[in-house]
Amino acid sequence: MSAASPAIEPQMTTGAIVAKTPRPFVLARRTIITPILLSLLMIAVALLTMMTGSRPFNQVIIDVFLRVILVVGLYVFIGNSGVLSFGHIGFTCLGAYVAAWLTINPIMKKMAFSGLPGWLIKAQMPYWEAAIIAAIFAGLAALIFGRILMRLSGIAASIATFAMLAMINTIYSNWETVTGGTSSVVGIPIIRSIWPYLIAAIISIFIAWAHAISRSGLALRAARDEPTAAAASGIDIPRERLVAFVISGAIMGLGGALMAHSIGVVTPDTFYLGLTFITIAMLVVGGMGSLSGGVIGVVFLSALIQTLRWLEAGVSIGDVAFAIPKGLQEIALGIIMIIILALRPAGVFGNREISLTRNRGD
Amino acid sequence: MINKLKITTMTMLFTATAAFPALADDSKIVVGFATAESGFMEAYDKPATDAALIRIDEINAAGGLLGKKIEVVKADTKSDRAEGAKAGLSVLDQGADLVVVSCDYDFGSPAALAAEAAGKVSFFLCAESVKAGIQGVGPHSFSASVLAAVQGATMAEWAYNKKEAKTFYRLLDSWTEYNKGICDGFDWMMPKLEAKGAKLLGQDTFKNDDPSIAAQISRIKALPKEPDAIMLCTMMPGGVSAIKQIRAAGINSMILNGSGMDGSYWLSAVPDLSNFYVPVQGSIYGDDPNPEVTKFNAAYKAKTGGDPSSMYVYPGYVMIDVWAKAVERAKSIDADAVVAELEKMKNEPTLFGSRTFTSELHHQNQTKYLVADTEKGKPAIIDSWTISEPIPLDALLK
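Protein chains in written order, with the numbering used here: chain A, 1 to 362; chain B, 363 to 760.
EDC-like, lysine to aspartate or glutamate: derived pairs with alpha carbons at most 20 Å apart: (1) B/K569 <-> A/E176; (2) B/K730 <-> B/E751; (3) B/K408 <-> B/D669; (4) A/K110 <-> B/E722; (5) B/K606 <-> B/D735; (6) B/K569 <-> A/D269; (7) A/K110 <-> B/D756; (8) B/K554 <-> B/E751; (9) B/K693 <-> B/E703; (10) B/K606 <-> B/D566; (11) B/K558 <-> B/E751; (12) B/K665 <-> B/E433; (13) B/K431 <-> B/D412; (14) B/K430 <-> B/D419; (15) A/K326 <-> B/D442; (16) B/K436 <-> A/E312; (17) A/K326 <-> B/D412; (18) B/K390 <-> B/E433; (19) B/K583 <-> B/D566; (20) B/K436 <-> B/D388; (21) B/K687 <-> B/E420; (22) B/K665 <-> B/E654; (23) B/K657 <-> B/E420; (24) B/K408 <-> A/E312.
The set of hints was computed from the structure by calculation and includes no laboratory data.
Construct the entire structure; sequences and hints are all you get.
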């Protein structure tokens, strides 16, 4: 072959191959600054919240951290695979109900979920243990669903994930003895401290980063950008997608469990279209292919929503009270999102990540 | 990028300053409304909130409570649960001594749970699930309305005794807790009536958003004889369509419903509706046996510019009324002292029926209801009824 095409590089010696092979962790070392910067941003937000001492603001920031977890979970799958999933909030629902099953006081549980097995009714554990189990449970569910769904691609995969969401929602709305049906499930211990949410958000960010630079994550991104070439290079696309799907499912489950603890009430309709669209919007506005985009998209849109809400409630400047009409927040948010997407169709960050040096994307 | 970050941080700082808590003040008593000022729950919350404000104005005009003025603070839940929790915390930070939460248990509970955790009294504006109180929130939580189960039980017993209804049919819209609650009360009452010769001919369910209940209707039509009364446990908006379909199918049985279908705003959708009965706490039709209610309706119109649209205006007034009485009696706004006084209330008269609270139930399991009858599309009060015995807790919790 080399004789027929003289332009090709002469065959490399073993030494040259070794020299070309990157040293272990070189990619990790080059990119770890991104999750660190994002975590510092989260910590800064948390410290700022501490300083205000305002309880509603504290709750707002807890919500922001929860959204960060959910959007990071979405990013792990959507960002790396390029397949838009409308079904991930289903895993959040699974996680939230696991938290309910494991943390509610057994006496109340017996009343609310008469159909649960005896050992589950008796179980009561601290919220963080329950959250870990919730993540594992959601990850397992993702593994089962993913085995089938990941064989699909393009719009078929998106619609199939949506069908999965509808399925989970219908089961949880109607299986009265196990989920309480459409009724609110109460008695979940409420955690108002900001730190557990911060820690979970940071852990999610690091998991997402570690996955993105892993062999599997890189292969998946290659398949996203050049599916034919990737498949020709021996990448098993359904398998790599499944790995991302399971990891993102687990993160969504963790977010769901913590969401349950943030307000102390869960119902199936919380985890349906509304939450699906707002989280996807945050990811898309921030930049679908970028972890930084996802995280900063959440912070940015949340700050925007909060400011608009605050304007709705009314502001006094001197003697003049000023308020925008109620409901304008949703409209203004929509318009701002359209403007951002019109100016930057790939989202604010596109494919890039934040770092200290000028980066060229991944 | 740095710029974007800067903007973001500044926006957040800005918001943080806005959310800064107001300082507590001992010279006034603060009532915080963590209710919906936008979104679909506003239709329920706003009228009841207005009624509550009327009572607060009355108290302030008469010199206040414990010699202090009542001040009102508000936070919008946007008809959203997560926002509800924030709204609850927000009014607490503004010094609320009483936290008033949304009409519905599902949407009010996050704010009520926040109040409970802060050790403050919370009141659901008009929730009718047993969970809206001790069972679903905690020992400092109350509801100003009457349990949905009482409505179902009242209608069944009244129809049996006053309208000689002997055969019943139960049709449940399984959409909400409220609907299920009405039918739970009916189910509790029915065996008692059956012992006296009544008969349940059958039962069926549908969902509020079902476009057609033809299948359910044909099962009613298939009965050897049309039932005397159909207990229809439903609410807006699907209830209207269900009633329309039942009548269009030529079923003329009396239809019994809960208070959720009170009001004349929807009657034009079912022209000339007759033989339709709902229990109400007070009449919005200007024919309440108590002239004070009609006076209140006028005050409500003067304040809001419109007549009450349904009886769900009234619990807001009742709520401030009983709470203020408890505060006067406790001579303090300390939550435990106020709760203790509220729990001493036994058949406490209010403008819209009596109220009883016990250490087990912060809700009404037996109270007098007026019965509104709609004939030829015109509703009017025709009777009143109090169920013969209170509904026990285990029937409510099942």
